[in-house]
Amino acid sequence: MARKNKHNGMRAWILSLSVAGVVGGTVYFAGAGTPTTVAADSGITTAVTTTASGANTSTSSVATAAPATAASTKTTTTTTTKARKSRSS
Amino acid sequence: MTRDWILLGLAAIATSLLLSLGLAGGSGAQLPWYLSRASGLVAFALLTGSMVMGLLITTKAADGIASRSRVFDAHQFMSVAAIGFIALHGGALLFDGFFHFTPLSLLIPFASPYLPLWTGLGVIGAWLTVGVTASFWMRGRIGQRRWRMLHFATFGAYVLAFVHGFSSGTDTQQPLVFWMYVFSGAAIGALLAYRIAVARAKRQAPATSMARRAAVSR
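One line per chain: the protein sequences are A and B, in this order.
Note that the numbering used here has the first sequence beginning at 1, numbered continuously upward.
Note that the numbering used here has the second sequence beginning at 1, numbered continuously upward.
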């Protein structure tokens with residue numbers, strides 16, 4: 001029992017770092033940091049702008065100028081799902 | 001391992017679950033997917049840590065740096081923690097809205113709806129990790145020799161986890177994750193090579209001393 005108590009601090013560190021890793025990783029993935037999400041968002045933004053304006057615009061300029069409308073958000077979700085689908089196949 | 005630490009481990013997993021849900025937005029349908037990816041990477045890091053500690057014990061490479069009981073405790077504790085986070089990694093997938101995992105598809109190898117081969121290797125690796133970790137408490141019953149033999153399955157578990165993560169993990173292309181795999185593989189490979197060298201030197205040492213004694217007696 002005495003031996004185990006001696007290592008309690010180290011065990012607490014291991015657990016804390018693991019929890020921090022899971023929380024940090026989840027928050028990071030949920031944000032816009034993942035390549036999949038970025039790629040999917042770019043594609044969606046292009047599609048939305050082309051439909052709205054009918055003009056030929058480049059992907060990058062569309063991505064920065066796209067308004068955060070409900071329509072664009074919905075399309076984002078769809079394309080992200082598609083990206084996951086294609087990745088799984 | 002005391003019951004208190006098992007409870008604390010479960011509390012840590014629950015905390016990571018709740019904090020992740022809270023900080024990442026809570027209502028997102030993709031959240032189980034993100035949680036599964038994050039906990040899978042943490043479980044792999046813990047498995048690597050446990051392997052490194054185990055190899056430091058057998059090679060005695062850390063003898064001058066840390067006490068053997070401390071290294072052994074870290075080795076054992078990281079194995080148990082890895083199992084907890086493997087459970088979170090698989091368990092989160094049950095709530096994923098895109099892939100329809102069932103408890104059976106998580107427990108039975110190659111029954112996964114997502115990349116069955118690579119995921120199946122991960123399932124086998126997880127079962128091996130559970131078996132080897134459980135053997136810590138069966139050492140007295142099965143004997144030292146059998147326990148050591150069983151412990152070699154750790155290398156199989158690590159290779160399967162590595163292949164599973166590298167092949168089916170969707171974050172392998174991210175630099176941080178990619179380099180984690182590289183460093184993990186390099187560390188385990190280097191320590192394993194050192195361990196083999198140490199074992200060979202040990203085997204050769206008695207033979208050399210016997211030959212010397214024979215030469216002296218002539």
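Please note: incorrect hints may appear among the correct ones.
Facing chain B, a subset of chain A residues (Cβ under 8 Å, in silico) [stated by the list, open to error]:
| no. | residue |
| --- | --- |
| 1 | ARG11 |
| 2 | LEU15 |
| 3 | VAL23 |
| 4 | PHE29 |
Beta-carbon label-pair distances, calculated as ranges [said to hold, decoys possible]:
| no. | chain 1 | residue 1 | chain 2 | residue 2 | range |
| --- | --- | --- | --- | --- | --- |
| 5 | B | PHE136 | A | ALA12 | 17 to 23 Å |
| 6 | A | LYS6 | B | THR102 | 30 to 36 Å |
| 7 | B | LEU104 | A | LYS6 | 41 to 47 Å |
| 8 | A | LYS6 | B | PRO113 | 45 to 51 Å |
| 9 | A | GLY9 | B | ALA201 | 31 to 37 Å |
| 10 | B | ALA215 | A | ALA12 | 55 to 61 Å |
In short, the hints are calculated from the structure, not lab data.
From the three backbone atoms N, C-alpha and C, an ideal C-beta is built for every residue, glycine too.
Here is what the structure says about each hint:
1. Below 8 Å, beta-carbon pairs count as interface contacts, and ARG11 (chain A) has one with chain B at about 5 Å; its hint therefore holds.
2. Evaluation of the LEU15 (chain A) hint against chain B yields a held restraint, the C-beta minimum of about 5 Å falling below 8 Å.
3. At its closest, the beta carbon of VAL23 (chain A) sits 5 Å from a beta carbon of chain B; the interface hint therefore holds under the 8 Å criterion.
4. For PHE29 (chain A), the shortest C-beta to C-beta distance to chain B is roughly 4 Å, which falls under 8 Å, so the interface hint holds.
5. Our hint of 17 to 23 Å for PHE136 (chain B) and ALA12 (chain A) holds, since their Cβ atoms are close to 20 Å apart.
6. Take LYS6 (chain A) and THR102 (chain B): their Cβ atoms lie about 43 Å apart, and the range 30 to 36 Å is violated.
7. A beta carbon spacing of about 42 Å between LEU104 (chain B) and LYS6 (chain A) agrees with the range 41 to 47 Å that was offered as a hint.
8. Checked against the hint of 45 to 51 Å, the pair LYS6 (chain A) and PRO113 (chain B) passes, with Cβ atoms roughly 46 Å apart.
9. Taken as a hint, the range 31 to 37 Å holds for the pair GLY9 (chain A) and ALA201 (chain B), whose Cβ atoms sit roughly 36 Å apart.
10. Between ALA215 (chain B) and ALA12 (chain A) the beta carbons are some 57 Å apart, a value that agrees with the proposed interval 55 to 61 Å.
This entry does not satisfy hint 6, going by the numbered hints stated previously; all others are met.
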